[in-house]
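Asks: From first to last, the protein sequence lines are chains A and B. Using the numbering used here, the first residue of the first sequence is number 316, and each one after it goes up by one. Using the numbering used here, the first residue of the second sequence is number 316, and each one after it goes up by one.
Calculated directly from the structure, the hints in this document are not laboratory data. All C-beta atoms in this analysis are idealised placements derived from N, C-alpha and C, irrespective of residue type, glycine included. Honestly, I wouldn't trust all of these hints.
To be verified - To give an idea of the chain A side of the interface with chain B (calculated C-beta under 7 Å), a few residues:
#, residue
1, M510
2, E513
3, L514
4, A573
5, N576
6, Q716
7, N750
8, V751
9, A768
Residue strings, one per chain:
Protein chains: 2
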Amino acid sequence: MQQRQQALRARRAGAAYRQRGAGATAAPSPGQHPFTRGDENARLFAYESRTKEAFDRIEPTLREIATYQYQSDFPAQAQRIARQELGFELPGHLLDHTWPAPPDMRALYAWCVFETFKRFADTFYLEKPLAEPQDGEFQNFLESCGFHIMDVSPCADGRLAHIVRYVLRLPYRAVRRRSYAGAMFDVEDSLQKWMEVELARHREGVPNQAGEPTRYLKAAVYHYSRSDPDREGCAAHGSDADIAALRALSRLQDFRQAVENSFCCGASIDLLLIGIDTDSDAIRIHLPDAHGGIDLERYVDAREAYEATRHVAARDAAQALQRMVSEHAQALEAEPSEGMVRLIARLLMNNISQVDYVRTYFNGRYGDVGHFERFIGMGIGFEEVQLRNLTYFAYLTTVEQGAKDVDVGLKIFTGLNIARGLPAPVIIRYDYHGNVPGARDRAIARCECLGQALKDRFPQESAKGLLHTLLVVRNISEQSSIEVVGGSLEAPGGREDHQ
Amino acid sequence: MQQRQQALRARRAGAAYRQRGAGATAAPSPGQHPFTRGDENARLFAYESRTKEAFDRIEPTLREIATYQYQSDFPAQAQRIARQELGFELPGHLLDHTWPAPPDMRALYAWCVFETFKRFADTFYLEKPLAEPQDGEFQNFLESCGFHIMDVSPCADGRLAHIVRYVLRLPYRAVRRRSYAGAMFDVEDSLQKWMEVELARHREGVPNQAGEPTRYLKAAVYHYSRSDPDREGCAAHGSDADIAALRALSRLQDFRQAVENSFCCGASIDLLLIGIDTDSDAIRIHLPDAHGGIDLERYVDAREAYEATRHVAARDAAQALQRMVSEHAQALEAEPSEGMVRLIARLLMNNISQVDYVRTYFNGRYGDVGHFERFIGMGIGFEEVQLRNLTYFAYLTTVEQGAKDVDVGLKIFTGLNIARGLPAPVIIRYDYHGNVPGARDRAIARCECLGQALKDRFPQESAKGLLHTLLVVRNISEQSSIEVVGGSLEAPGGREDHQ
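With the rest of the complex left out, here is chain A (with noise of 0.2 Å):
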C-alpha cells in the first residue's frame, strides 16, 4: 500500500518512469547470472521505460498547460508545452472557447491517453520493436518436446501482461494468450479454440500434420506478491496464493476434462500451472507427472533454479537446468516425458534473464508492486499489450457478462485517477478477420454496443467526464495496427482527432 502511494506519487510528481525503479540505468550491472541475455534486457527495458514515460508525461504536462488557462493566448502556449514535451499537438476544440468556462482537463487527459495509445500501438505494428528474429524457432523447439500449440491463460491483472514476451521470454506470435480475472480461463471458448487448431492440423497440416504425435499444451498462470501477499496478490482469489494456485489447476483438469469427454479417439491435452512471483517476475512451474497429474506442492522455483546454477557456464545452461528439472522430476511417481522436462527447464532459463531484468534495473523488486496500469482495455485483442502494468485487460464480449471484470477495472482506476478527478481512459477494442465478408462492419458496432453498455453501467463517472472511451479495431488477417473509429471524444461535427 505504501509502495503504490509512493508510486502515485511519483507519477503526481511527473517523475519520469526510471526513477521509480531504485537503482535503475540503462546499463546491465555486473554480477548478473551467466545464462542471463544482458542484450535483450537493455532492449527490453529500452522498450518499456520509453513507452511508460510517453505515458507518465501526460501528467506533468497537462498540469503546466493548466497554469496558462486564465492567459489570452492560451490555446498557443499550451500547443507549445504538447509539442514540446509530449511530441504531438492537442485536438484544437478542446482548447477553444476556454474564456467562459475552462478548459475540459478530463478530456484533454484522455485524449492525450488515447493517442499515446495509437502511436504506442503503431510502433508496435510498423517497427515491431519485440519481434524475435527466429520466431520459428521456438515453435520448432516446441514440437520437439511433443507439443503443437502453447495455449496461457494467466490473469488479467495489469501485473502479467508482459508474461508472454517478458518473464517467459517467448515470442508472442508463437504462444496464444488469453487473459482471465484470476486466470480463470472459460472452457467453452478453450474448446473452440482447441478445435480450431485440431481442424487446421487436419485440413492444413499447420502447424503440424493431424497424425503427428503431438499435444496441446494449455498453461495457467496464477499471481502472488512475496513482498505483501495478504495485500498484492490476486484480487480474484483474496490475494491467497494457494486458492488462486489450486483454482487455475481445477480450471485447466476441467478443460482437459472437457476435452476428453467431447471428443473421442483418446483426445487429451497436456497442462501446465506456472505461479508468477509480481514483485520479481520469478516464477516457479508445477511439474506435471507421466498422466499429467500436478502436485500444487511440487514445483520448480526459478530463484531455486537461478542459484543452482549461478556459476555454471553459459554454454551449460540447456543442460544444467535440465538436469535439474529432471531430478524434480525423478521424485514424482511417475517421471513426465523428456519433452516435458525440456520445455519446462528452457522456460526456467527464460525467466533466469528476467529476473536478472528486475534486479538489474527494478532492484529486484518492482517499484509499483500494486496496481499502476495506465488504462483499461476492454474487449478482444491487445496484442500489442506485452508491458507490465500499462493495461488492466477484460477480456470480454459484453459488459453484461464481463461485469464482474469491469467493475474490477474502474476500481482500481477510482484509486489510480478518478478520485485525484482524472478519468478513466478505456479503450474498447474488437479486433477482427479482414477475409470474413462484413466482419470489420461487425466489430465496430460491437465497440459501439460495448461503448454504450459501459455508459450505462457508469453513468455517472461518463456524465463527470471522468471515464472516457476510444474504440479501436484491428485487422488481425493483416500485419496492420489498429484503427480508431470512435469514442466519447469525438470533435465536434464527428471529426476523429485520433484518425
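Fit chain B to the known structure of chain A by using the hints.
Replies: Structure of chain B alone, referenced to chain A:
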C-alpha cells in the same frame, strides 16, 4: 390486423385453439393432394392443437377463478377449477392471504404458462411426439445427394418455428436450426459450426469421413405474407419480401466467402435460399446453379408444384417433382448437381403435405396470420419448440447484444398481453453439454445474468408484474427434459414450484 384482432378476441373469450382455424376438423378432408401424408397430418395436428389448447385454456380458466376471489373459500375453489380445467394445481403461496389484497392474477397467469411449458417440454423429451421412426433415413438421403449436413437459419419469427418438422417435414434432430431476426444469421457463429462439423468428420468420421466428397449445406429461410404482404411480412425487413430474400442471400454469400477465405484447400459450402408464405406454409426454393449462384427471381414454388402434380399417382411423386425441378434447373446457365435437384424435389414433396395441412385444418390460411405467440423464449436452446406461433424466440447470449431482438419480443407481447394487463412470460434458457465439467453451473449463471439484464432493461414492467421469467437449463448430452433453475416466481422461502 383484423385477423389478429379476431384471434385476440378468440383468445380473450377462451376459444379453444381448434375453433380459430375455420373449417378445422380432426379428419383430413377429401380432395387433398395424392402426395400428402394424411395420417401424419392428423398426428401433427393433434399434437399442435393439444399443445396450444393447453396454453389457451389458461386465460379463461383464470378469468373464472378471478370471479371467486372475494369468497372465503377462494383457495379451494381456485384449486378445484385449476385441476378441472388445466389438469394441475396452482402454487399455494399465490392463493393465500388474498383477503387483505386481491390475488396476483398476473403472477398466476405467468405461473400457469410456465407450468404448461414445463409439461409440454417433458412430453416432448419423454414421449417424443414428433420423433420420426427412421431419423437416419434423411441423413442417408442427404449424403446420397452430396451433402453431409443441412444447417438451416430461419427468421426468429414465431410463425417459422415449425419450419423443420412441419413445413419441411424433416426430422428435427437431423437438421441444425439456428433462428435469427430476419434470418440474419451470425457469420462468425456459423464458421464455428462449420469447423465443428468438419473436425468431427476428420477425427471421428461423423456423419461421414472427411474424404467423402460431400458438402456442407447452409440454408436460410425468409418469409412473407401472401394475403397481407405489407403488414404481416418480416418485421426485420420492413415487411418487404424482396428485401428479406436479398439480405438472406447476401448473408449466405458472406458465409460462403468467409469459409473460402478462412480455410485453404478448396474449403467451401453449398447454399440454399428458401422463402415461405406464413399464411399457407407454402415454400419457394431458389435454385442454385452449378457454381452456387442464386437468382432471386428464379424459384420453384410449392404451390406450382402442387398444381402441376395433383393428378400424378403417389408412387410417381419423387420422379414427377424431380422432373419439374430439373426443367427449372436446365433453364439455368450452369445446371446444378443431380443431388441438389433431388434434395429440392424432396423438400417440395414434403411441403405439399404441409400445404394440405393448412388447407385441411385452416382452410388454406391460418386464423392467426400475424403474431400470436404464447411466450417469449430467450437464450440458447428450445429444441422442443417445433410449433408455429408458440414462441417468439430470441437466440442470444446476452441482452446487451441481443437487445434489438428482445425489444421486438417485448413489443409483440405488449400488443398480445401487456396492453390487456397480462404479463409477458419470458422463458430464459441455456442448453449445455453435461460432459463438460462445470457447464451446468455456467449455464445457470448465464440464465441468471440474462434474467437480471432483462429486468434492468424493463424495470417498470418488471416492477408491475407485467414481465415474469422462468430460468431453464437443459443437458443436451442426454436425452432428458429441461430443468427449472429459477425465475421471478419463486415461492417465499425459495421453494421452486416448477421443479
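Asks: Hint check: is the beta carbon of A768 (chain A) less than 7 Å from a beta carbon of chain B?
Replies: 5 Å, holds
Asks: Taking 7 Å as the limit, does the beta-carbon of Q716 (chain A) come near enough to a beta-carbon in chain B?
Replies: 6 Å, holds
Asks: Quick check on E513 (chain A) please, does its C-beta sit within 7 Å of some C-beta on chain B?
Replies: Hint on E513 (chain A): holds, closest Cβ of chain B at ~6 Å, below 7 Å.
Asks: Does L514 (chain A) pass the interface hint, meaning its C-beta sits closer than 7 Å to a C-beta of chain B?
Replies: This interface hint holds because 5 Å falls under the 7 Å limit.
Asks: So, M510 (chain A) near chain B? Judge it on the closest CB pair being under 7 Å.
Replies: 5 Å, holds
Asks: For the restraint on V751 (chain A), tell me whether the closest CB of chain B is nearer than 7 Å.
Replies: 4 Å, holds
Asks: Taking the least C-beta to C-beta distance, is N750 (chain A) closer than 7 Å to chain B?
Replies: Holds, about 4 Å.
Asks: Please check whether N576 (chain A) passes as an interface residue: C-beta within 7 Å of a C-beta belonging to chain B.
Replies: 4 Å, holds
Asks: Min Cβ distance, A573 (chain A) to chain B: is it shorter than 7 Å?
Replies: 4 Å, holds
Violated hints are absent here; each numbered hint is respected by the structure.
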